[in-house]
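J.: Protein chains in written order, with the numbering used here: chain X, 27 to 282; chain Y, 61 to 321.
It cannot be assumed that every hint is accurate.
Claimed, not checked - Facing chain X, a subset of chain Y residues (Cβ under 10 Å, in silico):
no.	residue
1	Ile93
2	Pro95
3	Phe97
4	Leu100
5	Ile105
6	Asn232
7	Asn245
Calculated directly from the structure, the hints in this document are not laboratory data.
All residues carry an ideal CB built from backbone N, CA and C; glycine is no exception.
The lines below spell out each chain.
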Amino acid sequence: MTGVRVFAVGLRFHVKALTHSVFFLLTSIFMPLLVATVAYYMYRAGNQPGSLLYVSLGAAVYGIWSSTLFGSGGAIQWQRWQGTLEVLVSAPTPFVLVIAPLTLATSVIGIYSLASTLVWGRLAFGIPFTVAHWAAFVVAVPATILGLGLLGFVFASTFVLYRNANALSNMLEWPVLLVTGMLVPLSLLPGWAGPIAWLLAPTWGVQAIREAALGGTPWPDVGVTVALGLAYLAIGAVCLRHFEAAARRHATLSLT
Amino acid sequence: MSSVRLFFVGGLLSFRALFGWLSPWILIPTYVIAPIFQILLFVYIGRAAKTQSDEFYVIGNALQYAAIPCVFAMTNTIAGERYQNTLSAVLATPAKRIPLFVGRSLPVIVNGFFVAAFAFVVGGALVGISVPAEAVPGIALVILVTAFACTGLGLTTAAVGLLARDTATLSNIVFGILLVFTGANVALDDLPGWMSTLAQGLPLTHGIEAARRLADGASFASVGGLLAAEALVGLVWGMVGYTTIRALERQSRIHATLERA
Numbered sequence: 027m028t029g030v031r032v033f034a035v036g037l038r039f040h041v042k043a044l045t046h047s048v049f050f051l052l053t054s055i056f057m058p059l060l061v062a063t064v065a066y067y068m069y070r071a072g073n074q075p076g077s078l079l080y081v082s083l084g085a086a087v088y089g090i091w092s093s094t095l096f097g098s099g100g101a102i103q104w105q106r107w108q109g110t111l112e113v114l115v116s117a118p119t120p121f122v123l124v125i126a127p128l129t130l131a132t133s134v135i136g137i138y139s140l141a142s143t144l145v146w147g148r149l150a151f152g153i154p155f156t157v158a159h160w161a162a163f164v165v166a167v168p169a170t171i172l173g174l175g176l177l178g179f180v181f182a183s184t185f186v187l188y189r190n191a192n193a194l195s196n197m198l199e200w201p202v203l204l205v206t207g208m209l210v211p212l213s214l215l216p217g218w219a220g221p222i223a224w225l226l227a228p229t230w231g232v233q234a235i236r237e238a239a240l241g242g243t244p245w246p247d248v249g250v251t252v253a254l255g256l257a258y259l260a261i262g263a264v265c266l267r268h269f270e271a272a273a274r275r276h277a278t279l280s281l282t
Numbered sequence: 061m062s063s064v065r066l067f068f069v070g071g072l073l074s075f076r077a078l079f080g081w082l083s084p085w086i087l088i089p090t091y092v093i094a095p096i097f098q099i100l101l102f103v104y105i106g107r108a109a110k111t112q113s114d115e116f117y118v119i120g121n122a123l124q125y126a127a128i129p130c131v132f133a134m135t136n137t138i139a140g141e142r143y144q145n146t147l148s149a150v151l152a153t154p155a156k157r158i159p160l161f162v163g164r165s166l167p168v169i170v171n172g173f174f175v176a177a178f179a180f181v182v183g184g185a186l187v188g189i190s191v192p193a194e195a196v197p198g199i200a201l202v203i204l205v206t207a208f209a210c211t212g213l214g215l216t217t218a219a220v221g222l223l224a225r226d227t228a229t230l231s232n233i234v235f236g237i238l239l240v241f242t243g244a245n246v247a248l249d250d251l252p253g254w255m256s257t258l259a260q261g262l263p264l265t266h267g268i269e270a271a272r273r274l275a276d277g278a279s280f281a282s283v284g285g286l287l288a289a290e291a292l293v294g295l296v297w298g299m300v301g302y303t304t305i306r307a308l309e310r311q312s313r314i315h316a317t318l319e320r321a
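Here chain Y stands alone, though its shape is the one from the complex (with noise of 0.2 Å):
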């Protein structure tokens, strides 16, 4: 039952103090209108370029904006501890781990997804793209899986960031990196085929190429296999962040370092 607790209660507090440092009056204009005019600029790109159709890029940018508030988020829910001074505190505790940990991600997750639905819904209205209304709940549940996804390699930049000073910069690698290699605007057949095969291990590419599918009348039954893709992707992701933290939990602990990054 604590573990529970821990999971629901501990991961929305976490979630809740990043607004401790940034008041949701800034914040969340950085959610709604940073990922719009990221549409409309590469929609522009897209026109001036003549080479896909503007559906193309919103929903690329669309879900590719879920990585803003996945992978910053996440890495600052765990790595920002150390700016805190509570993460040796939280590092002290008997708690479990799993539920200390990935009930962290859970907010992250929800909150990516409204922000990418977001970003969907008002950039293809203001564009003019139609979307079939039977497509729409398999594109939710597209973004969420691909929210999902996006929130494990978080965990795993958040790892990194007990290592690195710099979260800030890291997430910025990791969100241009996701920009360019994952389909979001260059169709991967465009791309070089190193680029392309990179791609098949990040989050977004299969999220992004399924919802795709389904807005040009796929059934969501043939983009079952993307999504599980996505999926796994995103627990991968999951697996290598946690089994991170849980080592260099294990080096703080012996080498005294958890402060000195």
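Just chain X, same shape as in the assembly (with noise of 0.2 Å):
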């Protein structure tokens, strides 16, 4: 019960304070708009307006996760610029139940981006925003944004060791929107992506909401994303373990 407790505190915590970071909210909301806005231009340009709205989906999925993606690869390193790593791993309390709120809550930061998205693509290219199954919608948002948020939580469960692990998270931006189908159909990727996106819960997570909007069958994607995401719990949780005791042993902890 106490672990519930501090799990949620901390989500609500760090929501609280990531929405009144300007920086991080610019940098969540910007980009993805820039992008979804030379994607708009570009499938507008080829004359298929008709997959606009799709196009428009997966831009906002990409939102929640360039936001995760920059706030997991922020969040250890943020801790130690403000010198509270080290007393948040000597606490008592278990590290997973302190990190993994943090991730969760970059990624709900992404309803942001989520919103900003869909309002910029129907204020500025009449795009229309129409949901086919409202009740699979509603569920397939937090759906995809505990996915990229448990993502976000391995990857950052790495970042205890390595100091400067957030400049490679930056790294995949692009290679993650493009396997996971966000812009991009899957059919028309190599074959060697397809089993790399299967992993990854955005593929999952994009399938869901846009099954959800334009009509589909959306609940075995929501599944596939929700179970994807326990799974990422568990092997962030193991590495998160590992890698702590790895940085004691190494005296690494504190290192900027």
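Two chains, each in its own frame: build the complex with the hints.
T.: Okay, structure coming up:
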């Protein structure tokens, strides 16, 4: 029960803290908007206006991904800079209950990006926002946020050990955007991209949201997204324990 | 002689200092892997949207990626001084300002050139575009001029970085604007008029167009105007940046605001 409380309070705290960060909001909202704009113009130039809502939904999920990636990359580094990492690690509360809410909060903030991308598409490009299955859509969005947030947790766990690994996380932005089919149908990608895409929650999350909005069968995709999220949580917890122990052993925890 | 030394040695030391906060083992993959995936992403979007050829996106994104090393590094080599608490010491020196600031741009231009050239060669090979061999030297020169122009813009963002604290956000915004406006992924004809007009004053626009024409078999002489325009744009942005830095330096002395932003 205490664990649930720590998790919930941590999530609430970090969502509020990140909402007050102009830097974080600008970074997580502005770039997805620009990428969405480029994609809108490209699809419009190709005389494929029917694809615009498809692209808009993909760009919206990219907003969540961008926010998560940036946030999870910084999750450990920010604690280092603030001098709170050692205190958090040495506290009796399991470290997983401290970091997981933070990475999940970064993807929750992606809601701003999701909303702004859809509104931008509507206002600037006249893309109608219609949802075929509202109930599924309302479930698919938080499921996607959960899946992406916990994927961010896996990344963050490795960053305990490597002081500049957050820079590496920036490198993952384009590859994941490409292979998960957010802006490009998976059928167009080379064969090697398929197995990678299946292991990534954004693939299933964006599919779930699209199936819910455009009409289809979103529930299996929602299920896979949540299942992958839980698998990420388990992997992240193991990694975090291992890397935390290594960082203590090598005295690298506070190195900036 | 001391100005020449300051220009070259000072610039090199400043660039090397960037690796003080980011290991080459992390920085170099960032310069190598990210642009390749940016190229692949927009090539595949282009295929899905059925708009332009693969070559269009390879050239556009390879050159556009020069903005990352040029704008980010240029901003950090100057605005980053504040974070290291060395800005006051740098500005207190009697060193001439032109070699001091402009010298820092030389390694940045060279690095930007290699990053964009690598992206062009590897991205092009992965996607399978073919460029006439006689066009390669011309394209290399275009990439170099484009890197120069982006660095000019980077000098301006560095100046703004003396006023604003979040230089990373600023550089990201600049990178995004260049992605949309310069014709890297959307032909200028397909953009609204005000956007394509604005693009004329931005680095990359003329360079990307020149590189595309060369790759399509145009003679080097025929893109001379575009190359000159790209260089001019870079020069203007560089002068704006340098002038702003000098003005802010004077203001900071008067109002003691150097470390405040």
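J.: Which hint numbers doesn't this structure obey?
T.: none
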